[in-house]
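Colleague: Okay, here's what each chain looks like letter by letter:
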Amino acid sequence: MIEPSATLEIGRRKSELKSKAMAMLPEGGNLDLCFTCGTCTSGCPASGLFGMDPRKFLRMVLLGMDEEVMQSPWIWICTMCQRCISACPMKIDIPRLVFYARTQVPRDERPDGILQSCNKHIESKGGAMGIPKEDFVYVVEDVLEETQEEQPEFADMQAPIDKEGSLIMLNQNSREPVLEPEEMVPLWKILHTVGADWTYSSHFWGGENYCMFLADDQNWEAIIREQVRMADEVLGVKYYVNTECGHSFYAIWEALRKYNIPHKFEFKHIVELYAEWMKAGKLQVSSDWNKELGIKFTCQDPCQATRKSLGDYFAQCQRYVIKQCVGEENFVDMVPNSVDNYCCGGGGGTLQTNYTKERLAYGKTKFDQIAETGANYCVTPCHNCHSQIHELQDHYEGKYKTIHLWTLVCLAMGKLGPNERTYLGPDLEEVNLPASTNEGE
Amino acid sequence: MPDNVIGSVMVAGGGIAGIQASLDLANSGYHVYLVEKKSSIGGVMAQLDKTFPTNDCSMCIMSPKLVEVGRHKNIEIITLAEIESIEGEKGHFQVELLQKPRYVDPDKCIACGACTEKCPMRRIPDEYNAGLSNRRAIHIMYPQAVPLKYVIDPEYCLKIRKDKCGKCATVCPKDAINYNDTEKHLKLDVGSIILAPGFEAFDAEVLRPYYYGRHKNVVTSVEFERMLSASGPTGGHLKRASDGADPKKIAWLQCVGSRDINRAKNAHCSSVCCMYAIKEAIIAKEHAGDALDCSVFFMDMRTHGKDFEACYNDAKHKHDISFIRTRVHSVTPLDEDTLDLAYIDDDGNMAHETFDIVVLSVGLQSSKEMIELSQKAQIDLTESSFCKTTSFSPVQSSREGVYVCGAFSGPKDIPQSVIEASSAAQCAGADLIEARGSQETEVEPTPQLNVLNESPRIGVFVCHCGTNIGGIVDVEAVAEYSKTLPFVEYATTNMYTCSQDTQELIANTIREEKLNRVVVAACTPKTHEALFQETMESAGLNKYLFEFANIRNHVSWVHKENPALATEKSNQLVKMAVAKVACLEPLDEAELEIDPSALVVGGGVSGMAAARALSAQGYPVHLVERETELGGQALDLYKTWQGEDIQEKVRELIDQVMRDDRIAVHLDTTLEAVEGFVGNFVSTLKTGDAEKRIKHGVTIIATGAKAYKPSEYLYGEDRRVVTHQELDRRFIEDDPALAKAQTAVFIQCVGSREPQRPYCSRVCCTHTMENAIQLKKRNPDMKVFVLYRDIRTYGERERLYQKAREMGVIFIRFGLENKPVVVAQEDCLNITVEDHVLHMPVTIKADLLALATAIEPHNNTRLGQQFKVSVNQDGFFLESHVKLAPSDFATDGVFLCGMAHYPKPIDEAVAQAQAASSRATTLLARQKISISGNVSYVRPEDCSGCGTCIEQCPYKAASFITEGMWAGRSQINPMLCKGCGLCMASCRSGAIHLKGFDENQVMIQIAEAL
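Line by line, the protein sequences are chains A and B. Just so we're aligned, residue 1 is where the first sequence starts under my numbering, counting upward by one. Just so we're aligned, residue 1 is where the second sequence starts under my numbering, counting upward by one.
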């Protein structure tokens, strides 16, 4: 990006980008405080991509190189994972600066994948994949019916939509109803088993929020406000629960703060509830199935739900759940982990951009981390992480498999049906199948 | 000032600062309560292995002071005590202390150690070794501890906790154990208070990604000191904690808990970490050899102290230590033993390296207890929670009569702490002069035994010095060998011969064995001779009947690889010492009245502050200034780093000096000649053509330094290029043109850290911050750039650097090989430099260029000769001891302060001025002084009157006798003689003899060696 031979004249340049960004950011994002010490860059997997790194990026902004900065696609490969600001001695908010820089790209010039996802979400009033409300309702009902029929022990399981007065409103990531409907089932089974009083909302049911990644504040806020209205006013729930997806969680968690949205419900991540239910004995799992097998599991702590919002508490919940399911001795942690974890590179909307090469290069750090554990499975609750880590395995020819947490929980409950095992490897294809399916054979 | 002023002072904190303050006060006629919260004094310095930049052994240089405090009649050490409240006011405070129980009666305990051997609680982390080794429930902090009294840790003692065990009481031969000991509330009435509580190290566990506390090979710098120390858990053998393997690569991470407002919540720079990391790396390489690879990861290398830059350069070039300019995000353990660091190198590339040990250079901060106490006691703290002081009263807290020194008033190194300690002692004492001596305990000297006609009975004490000597030399064998030597009646070994209990042991042995000569085979007379001589005097022996064999510096440190020969050489050195000591005779010391007045040379801020301080102690002062007005360099300066108006403050100070009846100001005056010696100097002052001779007991040199006149960056050719002083002048005059500049640039290190002037000028970075902020205040839209090599805003000055950045000042770093280029254009200056992040040249069109020019010493040769004091390689005056006597000279009665010592800001100059005065006061308060017995004398009957000795003597002590039967022969004035021996060596007639080093005494040593 930078012409090394050119002499840049900086004495009288005006840095519009900087002054505007500072006006927008809380405490000006501390941008001016940069030591140029390199902490951010040494901890950032996006360092070097597009010839850019977080320190360089900030430096160019501070030197008033607005045009050069805006020419770099780096702002779309930075996932805003906040690993830089967490360690920055001056607590400089580079992630928000990146977000701000994204806002400065004319909306229709932003990466098309992200743009379309945001637009579809708004237009369909459902999710980012844009399927009509009727389709969502149909898929849920259809899959439920099929499960009730095929798995007799779940004959009375429900997947309510718009059930007023429920205790919990649950959002749903679009990927399952649109692309892999059977992946919805394990979660329903868990909710059914603990006797949860829950419902989907048919209006803005999609948890994912590409408007956030698009840096489209207006629409990001609009989506969350609609969800808040549904939860508080229409359905009157006590809890708004987010599925396993990390960015979906953060989009709501952050919007409630950022846009100062008043709300009555308590907002929770489903992984918190898994742990609570297990501790309360409502959700009974056993790791006996893995005693002999000794299959090793590691897990990805999604930045959005860990470092960026719930902190180590989320990581602890997740580990508690996994260890209950696979046995303490079969869990191997990545180093570093929890709030210090590396971003996988799938966040920030990168999956919806064309910067595949850079995204995979970004993810190499994560791939190496997973490979180092020697684990057979990487439990990855977050959807974006899941897609990225899955793809990393494929691209770098890793030996691990990537699964959602619900798959594992249901497996350890002995309730994971044969066609809910898409992401499991042959080693687990027939392990701990529900009694009913065995009988069926 | 109330009438009932109390002549005693409480010093809170028994680290090196508290120790120095106590000694200065106790030696100036005040009674001192030295209050320490731990069971013994010594503080952090007692834990350090070596001290920078000289790599002196920390305990070795400190132990004489520990012992001196321990046996000083006017210092009462109160251990295990913390301050509860401070009531009253300047001159008469009431302090309440809460003293925790020791459970051992200190009057009975003889520190025999029988108790600790029997104690079953063996696995208690030993705080002295930073938790790297274990101690028992009944213990002493460290072998040389003062007071050397055992203490029971009630949290672990089985008897106290569960009423079980009780073994220590059964084995104690003195019945000193008291399990029923209780907390005590003590009340002290004191005239002044000095707070010297020191610092606590930052808790590195806060920075989780560094894995401290989670991986064995991530250690703090404090732990690493103990890992290096001969008295540490590994006996000084450097090992990887995880498996005991020899480390191949060690990394230091700087600024851990400093310059971090995010997780560490410490905005300040801790000032000392860069130097201690360099020192630790050098020592580590000395221990482990060249195979060890050491890397220091840093942001700005802050080697801003005297001789620090040279040490840094040596570390890079001589010791081959890597310095990597980056801050590391996290430490990633690869396995149980090794650690990976990912970092961005100077070229902007990612790099990975694997290390065996990662040392976290932890910062300094105030303890929670001190913050709470300060709030209770109405003592204001700074934003960084250090004690608030001002530039012109640098040791005065916000509460009158309460003074502060050491790291509690901001992170600082040992010399600066020692300077402040003396400064605080000076201020605390000056408040109480009418009560001086009122609380003093008179010391009755032990009557001297007459041993003149006795046959020699020699005692030999051979020191292990932990493993320092004992690790190489077979110390027991040396003691056994000593017993075979003529006249040796007694020989033994000691773990630490310099410790307080050993002094008692030596004194008792002298009495019991009727010894009349003593040889100590240990370290160097330079630091320890006075200590052992004092011990001899306490046992009634003349102190000159003593001889030192240096089996540490001359043996164990230099013959590590050959222990057998090292032991053999030790034997020989002891044999020589024994032979000599047998020939020694008791010597008398002449006593001399001290003229109770002072000469201060130099009328800048330091000189004026020194004069004021001496006057406050009641002594008349001659203040000599060669210019026609007082004020010195400060007359050109605008603001202090704390924002005080320098012109206003300097005018105030000048006014105070001029109105002070005890100060005689000699303006436009030079020092023409100096005669005499400590206590009795006679100096010739020349004002115009008039010469005047004045008498003075002491001298303080405060001649300052000067600004370098640059020839680079178009200075002198383009009026837009100015120095800091010139810019300050424009601020002082409030030049409206300043605010009109659109773009201003500062260039740092102009003339500093260059081959011709390799040291750092210490003040320029801070000065640039002040001026950049001033420009920004005058015109917030002005673009301000600072082109620098390392930003060295040490301590709380770091906040100015932060503020400058906050205001939008841009900092661009350049290297010595890649300096900025300034080209004059009609409408601007084009300043081109490569940006250190983007690695591309940038050009700044500037209206103003300010050069941060070096501070250089005056030509100090003549003054040095006049007072027989020397200068260092940079031309600044050389103090007596870099660490522990920074304001003293090797020449008795001459003291040093201000920029004549090294470039420094006003607060430090004032502190040192007061410190020099304090040091002078300890001398003046004695009224009399003893002159060394090691002086030459002439036997006139043998003298040929050739005059060679008179020519040779550098101290003008030799002269011709002018009257009587020996007229024309030589004589030597013992008051002037320094015992150098030049006269004796040059005397062709053998008429001159040096007491204690006479021909027979030296020749017999040589004969024994051959």
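Since the hints were made in silico from the structure, they are not lab data. A portion of the hints provided could be inaccurate.
Claimed, not checked - Far from chain B, some chain A residues (derived; all Cβ distances over 10 Å): (1) Asp-32; (2) Asp-53; (3) Lys-56; (4) Arg-83; (5) Val-143; (6) Glu-146; (7) Glu-153; (8) Met-157.
To be verified - Pairs of lysine to any residue, SDA-like flavour, derived with a Cα cap of 25 Å: (9) B:Lys-776 - A:Lys-163; (10) B:Lys-776 - A:Asp-66; (11) A:Lys-133 - A:Lys-163; (12) B:Lys-686 - B:Ala-664; (13) B:Lys-777 - A:Gly-28; (14) A:Lys-14 - B:Asn-453; (15) B:Lys-265 - A:Lys-163; (16) B:Lys-740 - A:Val-335; (17) B:Lys-845 - A:Lys-163; (18) B:Lys-845 - A:Arg-59; (19) B:Lys-108 - B:Asp-340; (20) B:Lys-265 - A:Asp-32; (21) A:Lys-20 - B:Asp-661; (22) B:Lys-249 - A:Val-335; (23) B:Lys-483 - B:Asn-453; (24) B:Lys-777 - A:Lys-323; (25) A:Lys-20 - B:Asn-779; (26) B:Lys-740 - B:Val-682; (27) B:Lys-777 - A:Lys-264; (28) B:Lys-118 - B:Thr-54; (29) B:Lys-265 - A:Glu-27; (30) B:Lys-639 - A:Leu-33; (31) A:Lys-20 - B:Thr-54; (32) A:Lys-264 - A:Trp-253; (33) B:Lys-803 - A:Arg-96; (34) B:Lys-649 - B:Lys-740; (35) B:Lys-216 - A:Trp-253; (36) B:Lys-803 - A:Arg-59; (37) A:Lys-268 - A:Lys-323; (38) A:Lys-357 - B:Ala-351; (39) B:Lys-777 - A:Glu-67; (40) B:Lys-249 - B:Asn-453.
Backbone N, C-alpha and C fix where the C-beta goes; we use that ideal spot for every residue, glycine too.
Colleague: Check the hint pairing A:Lys-20 with B:Asp-661 against an upper bound of 25 Å on the C-alpha distance.
Modeller: violated, 62 Å
Colleague: When you check the alpha-carbon spacing of B:Lys-265 and A:Glu-27, does it fall within 25 Å?
Modeller: holds, 16 Å
Colleague: Is B:Lys-649 close enough to B:Lys-740, meaning Cα to Cα at most 25 Å?
Modeller: At roughly 29 Å apart (the allowed maximum being 25 Å), B:Lys-740 and B:Lys-649 break the hint.
Colleague: Should the label of A:Glu-153 as a non-interface residue stand, given a Cβ cut-off of 10 Å to chain B?
Modeller: holds, 45 Å
Colleague: Assess, step by step, whether the Cα of B:Lys-249 is no farther than 25 Å from the Cα of A:Val-335, and give holds or violated.
Modeller: Judged against 25 Å, a Cα distance of about 21 Å means the pair holds.
Colleague: Straight-line Cα separation of A:Lys-133 and A:Lys-163 no greater than 25 Å?
Modeller: Holds, because 15 Å separates the two Cα atoms, which is no more than 25 Å.
Colleague: Holds or violated: are the alpha carbons of B:Lys-740 and A:Val-335 at most 25 Å from each other?
Modeller: violated, 55 Å
Colleague: Would the hint linking B:Lys-776 and A:Asp-66 be met if the CA-CA limit is 25 Å?
Modeller: holds, 23 Å
Colleague: Would the non-interface assignment of A:Met-157 survive a Cβ cutoff of 10 Å against chain B?
Modeller: holds, 42 Å
Colleague: Far enough from chain B: is every CB of that chain over 10 Å from the CB of A:Lys-56?
Modeller: Nearest chain B Cβ is 6 Å from A:Lys-56, so the label is violated.
Colleague: Is the Cα-Cα distance between B:Lys-108 and B:Asp-340 25 Å or less?
Modeller: violated, 54 Å
Colleague: For the pair supplied as a hint, A:Lys-357 and B:Ala-351, confirm whether the alpha-carbon distance does not exceed 25 Å.
Modeller: holds, 21 Å
Consistency with the previously given hints fails for numbers 1, 2, 3, 4, 9, 14, 15, 16, 17, 19, 21, 24, 26, 27, 28, 31, 34, 35, 39, 40, ordered from lowest to highest.
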